[in-house]
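Residue numbers (our numbering), protein chains in the order written: chain A, 1 to 259; chain B, 1 to 259; chain C, 1 to 259.
To be clear, the hints were calculated from the coordinates, so they are not data collected in a lab. Where hints are given, some of them may not hold.
Pairs involving identical chains hold if they fit within one copy or between any two copies, as the list cannot separate such chains.
[As the list claims (entries may be wrong)] Keeping only pairs whose Cα atoms sit at most 20 angstroms apart, straight-line, the calculated DMTMM-like set for lysine to aspartate or glutamate is:
| # | residue 1 | residue 2 |
| --- | --- | --- |
| 1 | 80 | 129 |
| 2 | 192 | 153 |
| 3 | 213 | 233 |
| 4 | 192 | 129 |
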Amino acid sequence: MKSSIATLISDFGLSDAYVAEMKAAILRHAPGVRLIDITHDISAQDVMAASIALQRALAAFGPGTLHLAVVDPGVGTRRKVLAVKINRQVVICPDNGLITWAWRLFPHAKAFELTWRPGQFSNTFHGRDIMAPVVGMLAAGRPLNPLISRQIEPVHLDISPAGPSAKFGQIVHIDHFGNAMTNLPATHFAGKIRTIRLRGKSIGIHKTYSDVKTGTALALFGSSGFLEIAVRDASAAKRFSLGIGGRVLVAKMARKSAT
Amino acid sequence: MKSSIATLISDFGLSDAYVAEMKAAILRHAPGVRLIDITHDISAQDVMAASIALQRALAAFGPGTLHLAVVDPGVGTRRKVLAVKINRQVVICPDNGLITWAWRLFPHAKAFELTWRPGQFSNTFHGRDIMAPVVGMLAAGRPLNPLISRQIEPVHLDISPAGPSAKFGQIVHIDHFGNAMTNLPATHFAGKIRTIRLRGKSIGIHKTYSDVKTGTALALFGSSGFLEIAVRDASAAKRFSLGIGGRVLVAKMARKSAT
Amino acid sequence: MKSSIATLISDFGLSDAYVAEMKAAILRHAPGVRLIDITHDISAQDVMAASIALQRALAAFGPGTLHLAVVDPGVGTRRKVLAVKINRQVVICPDNGLITWAWRLFPHAKAFELTWRPGQFSNTFHGRDIMAPVVGMLAAGRPLNPLISRQIEPVHLDISPAGPSAKFGQIVHIDHFGNAMTNLPATHFAGKIRTIRLRGKSIGIHKTYSDVKTGTALALFGSSGFLEIAVRDASAAKRFSLGIGGRVLVAKMARKSAT
Numbered sequence: 001m002k003s004s005i006a007t008l009i010s011d012f013g014l015s016d017a018y019v020a021e022m023k024a025a026i027l028r029h030a031p032g033v034r035l036i037d038i039t040h041d042i043s044a045q046d047v048m049a050a051s052i053a054l055q056r057a058l059a060a061f062g063p064g065t066l067h068l069a070v071v072d073p074g075v076g077t078r079r080k081v082l083a084v085k086i087n088r089q090v091v092i093c094p095d096n097g098l099i100t101w102a103w104r105l106f107p108h109a110k111a112f113e114l115t116w117r118p119g120q121f122s123n124t125f126h127g128r129d130i131m132a133p134v135v136g137m138l139a140a141g142r143p144l145n146p147l148i149s150r151q152i153e154p155v156h157l158d159i160s161p162a163g164p165s166a167k168f169g170q171i172v173h174i175d176h177f178g179n180a181m182t183n184l185p186a187t188h189f190a191g192k193i194r195t196i197r198l199r200g201k202s203i204g205i206h207k208t209y210s211d212v213k214t215g216t217a218l219a220l221f222g223s224s225g226f227l228e229i230a231v232r233d234a235s236a237a238k239r240f241s242l243g244i245g246g247r248v249l250v251a252k253m254a255r256k257s258a259t
Numbered sequence: 001m002k003s004s005i006a007t008l009i010s011d012f013g014l015s016d017a018y019v020a021e022m023k024a025a026i027l028r029h030a031p032g033v034r035l036i037d038i039t040h041d042i043s044a045q046d047v048m049a050a051s052i053a054l055q056r057a058l059a060a061f062g063p064g065t066l067h068l069a070v071v072d073p074g075v076g077t078r079r080k081v082l083a084v085k086i087n088r089q090v091v092i093c094p095d096n097g098l099i100t101w102a103w104r105l106f107p108h109a110k111a112f113e114l115t116w117r118p119g120q121f122s123n124t125f126h127g128r129d130i131m132a133p134v135v136g137m138l139a140a141g142r143p144l145n146p147l148i149s150r151q152i153e154p155v156h157l158d159i160s161p162a163g164p165s166a167k168f169g170q171i172v173h174i175d176h177f178g179n180a181m182t183n184l185p186a187t188h189f190a191g192k193i194r195t196i197r198l199r200g201k202s203i204g205i206h207k208t209y210s211d212v213k214t215g216t217a218l219a220l221f222g223s224s225g226f227l228e229i230a231v232r233d234a235s236a237a238k239r240f241s242l243g244i245g246g247r248v249l250v251a252k253m254a255r256k257s258a259t
Numbered sequence: 001m002k003s004s005i006a007t008l009i010s011d012f013g014l015s016d017a018y019v020a021e022m023k024a025a026i027l028r029h030a031p032g033v034r035l036i037d038i039t040h041d042i043s044a045q046d047v048m049a050a051s052i053a054l055q056r057a058l059a060a061f062g063p064g065t066l067h068l069a070v071v072d073p074g075v076g077t078r079r080k081v082l083a084v085k086i087n088r089q090v091v092i093c094p095d096n097g098l099i100t101w102a103w104r105l106f107p108h109a110k111a112f113e114l115t116w117r118p119g120q121f122s123n124t125f126h127g128r129d130i131m132a133p134v135v136g137m138l139a140a141g142r143p144l145n146p147l148i149s150r151q152i153e154p155v156h157l158d159i160s161p162a163g164p165s166a167k168f169g170q171i172v173h174i175d176h177f178g179n180a181m182t183n184l185p186a187t188h189f190a191g192k193i194r195t196i197r198l199r200g201k202s203i204g205i206h207k208t209y210s211d212v213k214t215g216t217a218l219a220l221f222g223s224s225g226f227l228e229i230a231v232r233d234a235s236a237a238k239r240f241s242l243g244i245g246g247r248v249l250v251a252k253m254a255r256k257s258a259t
């Protein structure tokens with residue numbers, strides 16, 4: 001299967017040539033592939049943020065899309081490299097938990113150890129030297145099988161969508177606007193649950209930002225499908241000093257305690 | 001008309017997957033369109049900055065180009081979505097004033113209410129769910145007519161090029177280098193006007209940065225065609241603490257008063 | 001020769017339309033060329049940083065690639081514009097030293113004065129008005145010869161790879177992660193040299209980050225082929241307050257003195 005789109009995620013930033021070097025390595029094999037940057041502004045070594053971005057990329061793009069995700073603090077160690085078949089797409093990434101959020105949300109995923117290596121490669125930039133060429137080869141229509149060995153269970157981060165009876169959720173991502181995405185799926189909320197509690201405050205669940213006044217906090221089901229905490233026309237993260245891992249209380253259960 | 005180029009402007013930043021999600025929505029309809037980012041670093045909800053960037057995109061690209069501009073604090077309210085035929089190109093954007101600067105500078109523009117909606121869409125991300133698919137459909141050669149209803153007068157920001165007899169201009173944009181672009185068009189300046197006044201200081205009008213010494217302030221007609229305030233090899237915005245809306249005095253008129 | 005890839009380097013940042021305006025100028029001539037951003041986050045007027053990024057782009061991409069590099073504080077002065085044939089690729093850039101690092105590393109380069117000018121052009125944005133159209137014409141398959149005059153010796157920055165007997169190297173680039181790249185090539189280090197000295201401290205040379213503990217400083221031959229100073233999972237630049245030009249002592253020679 002020849003693929004027409006390859007996306008890229010990394011923590012390389014945009015001030016060096018690193019991202020372009022990965023693109024060059026892909027294009028060498030697949031001059032016609034379309035390259036789409038998801039983000040390269042993942043904080044240095046923030047595997048969890050990359051994991052969220054990767055899941056969104058997998059949700060947005062169609063079957064056959066290839067994804068190269070390189071947040072790789074373990075480069076040069078014995079950490080494996082993965083090729084993951086998931087949501088009818090293929091992800092190439094280090095085996096350090098980066099696949100976790102997508103793995104939790106898309107069923108029937110299969111992970112394989114990527115064993116292909118070039119004749120020569122650096123000890124510090126496997127994104128360019130190993131993973132990008134593989135993406136290029138796949139984009140050019142070469143089969144995956146000769147590049148992998150056995151199916152494996154990938155390393156996972158300690159992060160999951162909240163279960164149906166969970167009394168707490170947790171913040172898994174803070175976006176550019178300061179909106180805080182939680183791990184509480186829309187399905188978690190019965191019709192009766194109209195508020196959540198955050199740092200002792202009750203916050204109403206609404207449909208969209210404009211349901212409240214400018215400067216007012218609200219919760220809503222954002223474009224992610226998960227509950228998000230926002231402040232209209234402002235940053236919820238700043239207002240409430242939110243950080244990854246922060247607890248959000250599902251209010252029906254929360255008469256007495258509050259985070 | 002099948003279009004080969006679609007540009008994107010937003011305030012989404014580059015640290016989340018949002019921009020890529022819009023691109024995915026365009027590519028689903030038009031796999032062959034070329035996507036060009038104008039900027040995604042518009043300050044959150046800064047419709048005016050987006051308006052300037054959009055005008056420059058319309059000036060730079062050729063007939064048939066599509067432009068998706070999403071700075072959309074009113075998402076989820078009753079604010080309309082626009083399809084604007086302008087400078088032989090098409091802009092899709094929220095009807096919140098974003099079209100203003102282009103509307104002022106290009107004649108014969110026509111704005112239509114975009115009424116197409118997908119079967120399902122989020123309340124918080126119309127850029128991805130409504131506007132990007134429309135750009136994709138247009139890029140794929142589908143006609144605009146079935147997607148719009150009537151011609152309307154768009155919402156406008158309070159910003160215009162200074163008229164020919166204006167004694168003051170105002171700063172409308174501050175760029176990456178700290179150069180301040182005003183709304184004073186080159187045509188405003190007769191041969192005799194050789195200086196402007198800014199915060200009580202007289203500043204000479206020159207042809208290019210190197211006409212003055214390093215560290216010296218100057219005014220010049222920048223690549224925008226409007227008068228710009230600069231400091232050679234430094235930031236005029238920092239030097240003079242400039243901000244959007246700041247007044248610039250056309251010096252011929254300005255013997256006694258100064259901003 | 002029709003070229004399929006053109007890369008871009010600038011100090012324009014990503015918050016204005018400038019980069020897109022250059023791309024529009026290229027695409028007007030060569031609608032089918034693939035555009036790859038190397039970086040636009042070069043610090044304002046930092047010709048040396050652009051020089052390093054350009055060399056990496058030339059190392060990464062294949063024969064026939066075109067490179068547009070615009071860090072141009074001298075725009076509007078008599079500084080020349082260059083067309084450089086180097087590593088079987090072509091660079092268009094101002095003649096201000098930007099070519100230096102590539103010129104030092106790739107043999108057989110030839111620089112020509114680019115004399116083509118459009119009928120009309122701004123005094124402040126030759127990247128868009130002169131250099132980008134030339135890249136577009138070359139990408140479209142037009143010959144270089146009619147656009148240039150004579151072969152010239154380009155302006156050079158005071159920066160070179162350290163010679164084989166140098167006792168000191170110097171820091172030439174600090175990357176997004178705070179790794180400091182020096183001008184000491186791998187070939188400089190005999191088997192016996194196992195440490196370098198930096199600000200009075202001895203730092204071991206290793207193969208990869210994970211050879212030391214988190215938080216420990218190390219030197220290694222990074223993806224650039226030059227010695228780099230790093231701290232595992234942290235920023236060497238912050239830890240040691242490193243800056244461009246900082247001296248690194250080759251330890252075999254360094255019994256008594258230290259920077």
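Structure-based check of each hint:
1. 80 <-> 129: within (14 angstroms within a copy, 37 angstroms between copies)
2. 192 <-> 153: neither (39 angstroms within a copy, 43 angstroms between copies)
3. 213 <-> 233: within (9 angstroms within a copy, 43 angstroms between copies)
4. 192 <-> 129: For residue 192 and residue 129, the Cα distance exceeds 20 angstroms both inside one copy (53 angstroms) and across copies (28 angstroms).
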